[in-house]
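K.L.:
Spelled out, the chains give:
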Amino acid sequence: MEEINMEEGDQTREMGVAPALIALDPTHQYVSVSVGSDLRVFNLREGCGVSLVDPTGGCMHKDAVRAIRFSGNGKLFVSAGDDKLVKVWSTESWHCIATVTSEKRVSAVAIDKGGRYVCYADKFGVVYALDTECFDGTNASLNKKAVPLLAHYCSIITSLEFSPDGKFILSADRDFKIRVTVFPKNPLDGAHEIQSFCLGHTEFVSCLAFVCNVDFPQGNLVSGSGDSTVRLWDFTTGSLLDTCDVGSKAGLSQSNGKDAEVSPAVTDLCPNFDGSLVAVAIQNLSGILLLSCNLSFRKLSIAKVVSIPGETCIPSSLGAALSEPMLWMIMGASSLRVSDSASLARVRVVSNFSGVTEQEATVVDDSDIPGGQPLLQKLQGSLSVGEEAISAAAEAVKTALRNLLIKKQYSTERREHRKCGRNDKKIKK
Amino acid sequence: MEVECNTTLNKKTGLPRKRFYRARAHSNPLSDSHFPVPTCPAEVDYSIHYPQFDGLTKVQFADIGCGFGGLLVSLATLFPDTLMVGMELRDKVTEYVKERINGLRTTNPGQYQNISVVRTNSMKYIPNYFEKAQLTKMFFLFPDPHFKEKNHRRRVISPHLLDEYAYVLKVGGIIYTITDVEELGEWMKSCLEGHPLFKALTEEEIESDQVVELLTSATEEGQKVARNGGQTFPAIYRRIEASFLF
Chain A
1 MEEINMEEGD QTREMGVAPA LIALDPTHQY VSVSVGSDLR VFNLREGCGV
51 SLVDPTGGCM HKDAVRAIRF SGNGKLFVSA GDDKLVKVWS TESWHCIATV
101 TSEKRVSAVA IDKGGRYVCY ADKFGVVYAL DTECFDGTNA SLNKKAVPLL
151 AHYCSIITSL EFSPDGKFIL SADRDFKIRV TVFPKNPLDG AHEIQSFCLG
201 HTEFVSCLAF VCNVDFPQGN LVSGSGDSTV RLWDFTTGSL LDTCDVGSKA
251 GLSQSNGKDA EVSPAVTDLC PNFDGSLVAV AIQNLSGILL LSCNLSFRKL
301 SIAKVVSIPG ETCIPSSLGA ALSEPMLWMI MGASSLRVSD SASLARVRVV
351 SNFSGVTEQE ATVVDDSDIP GGQPLLQKLQ GSLSVGEEAI SAAAEAVKTA
401 LRNLLIKKQY STERREHRKC GRNDKKIKK
Chain B
1 MEVECNTTLN KKTGLPRKRF YRARAHSNPL SDSHFPVPTC PAEVDYSIHY
51 PQFDGLTKVQ FADIGCGFGG LLVSLATLFP DTLMVGMELR DKVTEYVKER
101 INGLRTTNPG QYQNISVVRT NSMKYIPNYF EKAQLTKMFF LFPDPHFKEK
151 NHRRRVISPH LLDEYAYVLK VGGIIYTITD VEELGEWMKS CLEGHPLFKA
201 LTEEEIESDQ VVELLTSATE EGQKVARNGG QTFPAIYRRI EASFLF
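Chains A and B, in that order, are what the protein sequence lines are.
Under the UniProt record's numbering, the very last position in the first sequence is 429; numbers go up by exactly one each time.
Under the UniProt record's numbering, the very last position in the second sequence is 246; numbers go up by exactly one each time.
Hints are computed from structural coordinates only; laboratory data are not their basis.
Remember, predicted model here, so these are calculated numbers, not experimental data.
Ideal Cβ positions, reconstructed from N, Cα and C, are used throughout, including at glycine.
Hints may contain errors.
[Claimed, not checked] DSSO-like mimics (lysine-lysine), calculated; alpha carbons at most 27 Å apart, straight line:
(1) 167/A x 170/B
(2) 148/B x 104/A
(3) 185/A x 132/B
(4) 167/A x 199/B
(5) 145/A x 75/A
[What the hints assert, rightly or not] Pair by pair, the computed Cβ-Cβ distance ranges are:
(6) 37/B x 294/A: 29 to 37 Å
(7) 299/A x 200/B: 46 to 54 Å
(8) 200/B x 322/A: 42 to 50 Å
(9) 234/A x 37/B: 21 to 29 Å
(10) 224/B x 234/A: 20 to 28 Å
(11) 55/B x 134/A: 48 to 56 Å
(12) 25/B x 148/A: 26 to 34 Å
(13) 322/A x 52/B: 52 to 60 Å
(14) 240/B x 245/A: 38 to 46 Å
(15) 188/A x 200/B: 42 to 50 Å
(16) 52/B x 297/A: 40 to 48 Å
Let the hints inform the model, and build the full structure from the sequences given.
P.N.:
Rendered as structure tokens:
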């Protein structure tokens, strides 16, 4: 019992800091950001902020949001996190159409291709499916029950993703695994048929994304991990096609003696609209690493580092709409003790996020950002954000991720010490 | 505590003496593992485990929670050309089985070359050891019952873990479960019954399967139950094709 309490204590301390997240709807109309428990949405087309309303009487998020996502048709938006609430929003009205309580804290969400089933994963490794067709507005409380779809055995699920054709659901976990499961016609009966496991990472898998182009509409899978690599997979067979070590790139821009022994983790991936590039966010790297992706030759190679002039900005999350060659990034965190404001965020945009070489991908100045000052005011909460606070946030996010996902190593003495309370050891004395 | 290696062996039979390998009866499958785990099945070096085989033959039988290895030892001579592996979480017990196999190999030259044991948490790492549809038989004999409802997720047979077992089992492959705890027997049966990729063997199939009687007679736990005149509850299911899912 003592041991359990101790572990719980550890958990609350390390879960305090959540990275800020960003998501774009597929038509590039809305930018959505989560910072701590705060959800902020901006309408790019009308140039104004959106206020989120919950007419069903459910409460807003009370704790850090860990996952946000638009559906493929742009009609739904889902947010979920540490307060165990999964909230489904209609992007037409920005009203919350359903709030479901998860048993455990939620770590990832995804919406199926048809836009009907919302899937979310909890920190005990169970993925649930929620049928949004049963929310008819009038009797919403009746069938709002998520059913377990699949499970990784007691491992934190870090990312959920549907294959472009919608036939498979992919789940990545802290135990280095990516599981590819057939998404059945009726997911409410569970997804029992495993297509493959993509095994090869040597640390936690942090993010998944699909890269597609005209020749490969079914796409290939790319994954990022705590082992400082981005890997390309044939997800139907689970075979590893290519590995790209990005750690060295990240180390160059900020060689910090203290961190030399631990490899910087890949924190997010975002492919561009034509599948020629993948943007990679890495701990320690101020800016974005662009990988060029050749699906015919099954190759990933480092194209360039897009650095951010004049400030240190290590993105915590990336987003892009498939209709625009534009990469959105955010960095920030919730509940930092160091900073005076409770949560802070910095939003930047990279233009020319395309494989065309004549135009260089560059970071857009704040004055030229789509949406302009109103967008920054809405999403960042203020126009200017102190650089010190931003680097403190990056450090805190990094520590939190590490504590959460990397297995604790105990020395032999420590392990023996932990055993001393065991009944069978006590008897001997 | 350290005992010299050769004194732990029985002088007459060359087999390890159990009293030097006492372990706790239970181990928590939920805790983080601190033993090496292969990244993927291709990384497992079977030439160490089966030195007299060509290194290309794949393991077909897996005894999950093999304990002291009684079943493996019986199966070894019954299927001399089939590779089989026992998986056990408790390191001392794994050491015992290793020594036992080594002893048997020495005293019976040419025999027991097809069995081996690995220390792992099979609830977490089954896909790290076996490819899709690699296994033809899986054994779950006398698993830890985990009576408390709060601990049911530690049970080795559960609806979600069956998905992974179905993945490593070939269509037509058989999963054998048995217990002396009635409640657990019902649980395992209902999990298998409710799973779309498993179908119960018929009475005739069970009778004609020569492995079935080993479930009780070959394992240490089974013998203990028989000695005490206890009852056992088997559930034996076949992996079937997933035709109707899509």
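K.L.:
All hints, please: hold or fail.
P.N.:
Now for the hints, and whether the structure bears them out:
A C-alpha spacing of about 22 Å is found between residue 167/A and residue 170/B, which places the hinted pair at or below 27 Å, so the restraint holds. Annotation: proposed proximity of residue 148/B to residue 104/A holds, straight-line Cα distance about 20 Å (limit 27 Å). For a cut-off of 27 Å, the pair hint linking residue 185/A to residue 132/B stands: about 23 Å separates their Cα positions. Proposed proximity of residue 167/A and residue 199/B is supported: the alpha carbons are some 25 Å apart, at most 27 Å.
This hinted pair checks out: residue 145/A and residue 75/A have alpha carbons roughly 21 Å apart, not beyond 27 Å. In this structure, residue 37/B and residue 294/A meet the distance hint of 29 to 37 Å, their C-beta atoms being roughly 32 Å apart. Between residue 299/A and residue 200/B the Cβ separation comes to about 49 Å, which falls inside the hinted range of 46 to 54 Å. Evaluation of the 42 to 50 Å hint for residue 200/B and residue 322/A yields a pass: the beta carbon distance comes to about 48 Å.
Separated by about 23 Å at the C-beta atoms, residue 234/A and residue 37/B satisfy the suggested range of 21 to 29 Å. At about 48 Å, the beta-carbon gap between residue 224/B and residue 234/A misses the expected band of 20 to 28 Å. Checking the proposed 48 to 56 Å range against residue 55/B and residue 134/A shows it holds: the Cβ atoms sit about 54 Å from each other. A hinted range of 26 to 34 Å holds for the C-beta pair residue 25/B and residue 148/A, which are about 30 Å apart.
At roughly 56 Å, the beta-carbon separation of residue 322/A and residue 52/B lies within the given 52 to 60 Å, and the hint holds. Remark: the range hint 38 to 46 Å for residue 240/B to residue 245/A is upheld by a beta-carbon distance near 43 Å. Distance hint for residue 188/A and residue 200/B: a CB-CB separation of about 24 Å, inconsistent with the stated range 42 to 50 Å. For the pair residue 52/B and residue 297/A, the beta carbons lie near 42 Å from each other, so the given range of 40 to 48 Å is met.
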